[in-house]
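First to last, the sequence lines map onto chains A and B. Under numbering that gives the first Met the number 0, think of the first position of the first sequence as 0, with each following residue one higher. Under numbering that gives the first Met the number 0, think of the first position of the second sequence as 0, with each following residue one higher.
Because the hints were derived from the structure by calculation, they are not lab data. Just so you know, not all the hints are guaranteed correct.
Simulated restraints, written as ranges between beta carbons of each label pair [what the hints assert, rightly or not]:
1. Arg253/B x Ser439/A: 54 to 60 Å
2. Glu300/A x Ala435/B: 56 to 62 Å
3. Asp260/A x Asp128/B: 57 to 63 Å
4. Ala435/B x Glu285/A: 40 to 46 Å
5. Thr144/B x Ala138/A: 25 to 31 Å
6. Asp128/B x Arg41/A: 42 to 48 Å
7. Ala435/B x Gly256/A: 56 to 62 Å
8. Asp171/A x Asp137/B: 46 to 52 Å
9. Thr421/A x Gln60/B: 39 to 45 Å
Nothing here was measured: the structure is a model prediction, and the numbers come from that model. Ideal Cβ placement from N, Cα and C applies to all residues, glycine included.
There are 2 protein chains.
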Amino acid sequence: MNRQLSLNAFVYPAGHHEAAWRHPTSAPHRIYDVDYYREIARTAEAATLDAVFFADGPALQGDVTYNAVGRLEPITVLTAMATATERLGLIATASTTYYEPYNLARLFGSLDHLSRGRAGWNIVTTGNDAAAANFGLDAHPDHATRYERAQEFVDAVVGLWNSWEDDAILLDTAAGLYADPSKIHEIDHRGVHLRVRGPLNQPRPPQGHPVLVQAGASNDGRAFAGRNAEAIFTAHQRLADAQAFHDDVRSRARSFGRNPDDVKVLPGISPFIAGTEEAAKALEREFDELTVPAYGLRQLEKITDRTLAHLDLDAPVPPGLFGDSGDVTDNQRSRLQVVAGIVEREHPTLRRLLHRLAGARGHRVVAGTPEQIADTMQEWFTRGAADGFNVMPPSYPGGLEVFVETVVPILRERGLFRREYTGRTLREHLGLGHPANPWSRSRTRPVGA
Amino acid sequence: MNRQLSLNAFVYPAGHHEAAWRHPTSAPHRIYDVDYYREIARTAEAATLDAVFFADGPALQGDVTYNAVGRLEPITVLTAMATATERLGLIATASTTYYEPYNLARLFGSLDHLSRGRAGWNIVTTGNDAAAANFGLDAHPDHATRYERAQEFVDAVVGLWNSWEDDAILLDTAAGLYADPSKIHEIDHRGVHLRVRGPLNQPRPPQGHPVLVQAGASNDGRAFAGRNAEAIFTAHQRLADAQAFHDDVRSRARSFGRNPDDVKVLPGISPFIAGTEEAAKALEREFDELTVPAYGLRQLEKITDRTLAHLDLDAPVPPGLFGDSGDVTDNQRSRLQVVAGIVEREHPTLRRLLHRLAGARGHRVVAGTPEQIADTMQEWFTRGAADGFNVMPPSYPGGLEVFVETVVPILRERGLFRREYTGRTLREHLGLGHPANPWSRSRTRPVGA
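Looking at chain A on its own, in the form it has when it is part of the complex (with noise of 0.2 Å):
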């Protein structure tokens, strides 16, 4: 079979774009039902999408006055999502900041065991003082500690996963014995940040570890990824731009000593799609009139670290305006680089960037028939530019619907996409390998050795 795509869908309450609450296509009287949840994912799994995807962060973020910004703690969501499917990849966002590895480790090994092998964690630092603020911080750590606090966070909670191996439970009723004691581990992570004895207090998750995910753009995010990361979400306005990020964690993971293709890189794409280009670029529209411009800017002002509301929103943004600053989060710094990038290649005037931003926080924003979008898809993945996208409908639930039943046949009809799954767990989607326990592999050498 050829080289398949890997997609997700990027799950946001009422929908990417920031003003969908407000479009007919989306249900924002459901963002806190069960079963709004339930039900993307059974379509998203009707349409075998790798896995759906949640952001996250431990503040209220965004301004409450004018979208849908609150939402529910994605893990809990996940496993509801999980026990309504049978295949489908669930992936949470998680802060190693303001988490405890030890709590965290359990919290993803048991969305891992009660979906049989289907979670998947998206590492983030999470640089908001925000957050800082909820945990008892003045202000957010800055990003070299984060890194090295990630880093450190990361070998714990994977070497809490590998703590039991996975033939340490004997179940041996007759004799009394349940577990083979020599095999679960106390890992005794003793770092700079943390220290965390162990063992875990449940077994070695099914997939061996949940599916590790990043989104990495400074030198940091990068190498982080390239250490660690299985799957990559990135921000990526252009072909160019997105095959020399490729390539550039391809050849970090080399310098690891991994194999590139164990490093899946997913842009996300948040798509508009209808029967004619034009009616395409008029639901764009339709969504843009929506948008509150005094929201916009509140997002572009914590993006970007500026002051902008003395500017006039039909006059063109200064050039240089959105130069590199800093100390902000991953997340943050790609954003930052799309807007820079947009307002020097379109010369907008700050409602047009606005409007260009409110689409998908900065994320590319695509907007054709169906066959155009399969298009573009297409021809990132076949250059080198992606190995799958991270989808992000402009509304949901219909911004997803319409992208499942219009977008992913045309995506299969090229033998692209898969038809069924052939896979049982997020890593077989993916085609990635299950993770050796060190416990077991240092054991098993051949003896003499």
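We have chain A; now place chain B onto it with these hints.
Coordinates of chain B only, in the frame set by chain A:
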């Protein structure tokens, strides 16, 4: 309608008896499987039980060599059980010492949203060094410090749950106004142990807040329960002790200005059930004979902080061996008191004592016919010793099934237990009111007051 019993199924992986996993009425090969828990949930709901309940601690506790002591994380398990049921309450234990309030508020808040108002939180302070070592500490914080933090923690978590007023969401799509920011509040908790700014990033839970549960046996624990708890799990062997405890926590609740009927006291009871008393006692012996003395001895050493390995299994336990000892958790203290009581009253051999404790870790074990089990429950209920019970089947799923098939019908015939759910939320099952939101209360006081 008469006052009604509250009945929870206390779920323990293979059952509460320490040898349950060796008994054919258990299913130890399924204790990490999602359908196992969903079936238990359906069994409990078919019997109109108030809730299922999970104990928890962030460490591998008990000797995994001899017992199935690994476990999944309970909030995720309860989420999976929520989607298999409509009415059943869902109570998880979580630690105020080893969680962050913002993370915990989100997890339980989400469980309450996803279950449409069925979540409960059993608040524990967790005092064991194995847990401490998983969180970077050399030893667990002392008893007083843990309770001081626990009170702050509960204040912060309840504050976060209240941070959105019930009518904060406007959903005015025409005007583009999602929520009224004047009804979403920073809580700005600043204590000795915790600082939390808020608001929470999700609306107020359907129940106002999840039901607050506690298991307080020490003086600090009872004071904490009297102030905060809406349900209390206890361990008592004798009616008189349970009556005294019941009176004590009710008067403590009163001293905090609360209605004592808003505190439900639920002792644990582990029933061995058979058609005749002799058969029930034989069943209990069958379980006891499957125990491994080395396991029970190690558990007893841990509970009591005594060295016991040098004692003769078949000699009487020296009197006075298990007097109260300084810094233990409430859970440990209540079990220590139970152990000391058994020794004092029954003068058992060490082997006999281990069997007495194997049933439910110091909780009350009763062997008898369904009528006899119903009789003792009725006696405790009508004589002021209990508002209901935390039912601890010796084995799962078999022990729960026999309880709901044989004892529940008798309790219903006697008018002591519901035949159908009359409410939809855990609060409603327990007869607890919807908590007022202090922000809304202050807003709605009469003008001029």
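These are the hints, each one checked on the structure:
1. Arg253/B x Ser439/A: 54 to 60 Å: holds (58 Å)
2. Glu300/A x Ala435/B: 56 to 62 Å: The hint (56 to 62 Å, Cβ to Cβ) is violated, given that Glu300/A and Ala435/B are roughly 37 Å apart.
3. Asp260/A x Asp128/B: 57 to 63 Å: Because 44 Å falls outside the window, the suggested range is violated.
4. Ala435/B x Glu285/A: 40 to 46 Å: Taking Cβ atoms as reference, Ala435/B and Glu285/A lie about 42 Å apart, which means the hint holds.
5. Thr144/B x Ala138/A: 25 to 31 Å: Hint holds: Cβ distance 27 Å, inside 25 to 31 Å.
6. Asp128/B x Arg41/A: 42 to 48 Å: holds (46 Å)
7. Ala435/B x Gly256/A: 56 to 62 Å: holds (60 Å)
8. Asp171/A x Asp137/B: 46 to 52 Å: violated (36 Å)
9. Thr421/A x Gln60/B: 39 to 45 Å: 41 Å Cβ-Cβ, so the 39 to 45 Å window holds.
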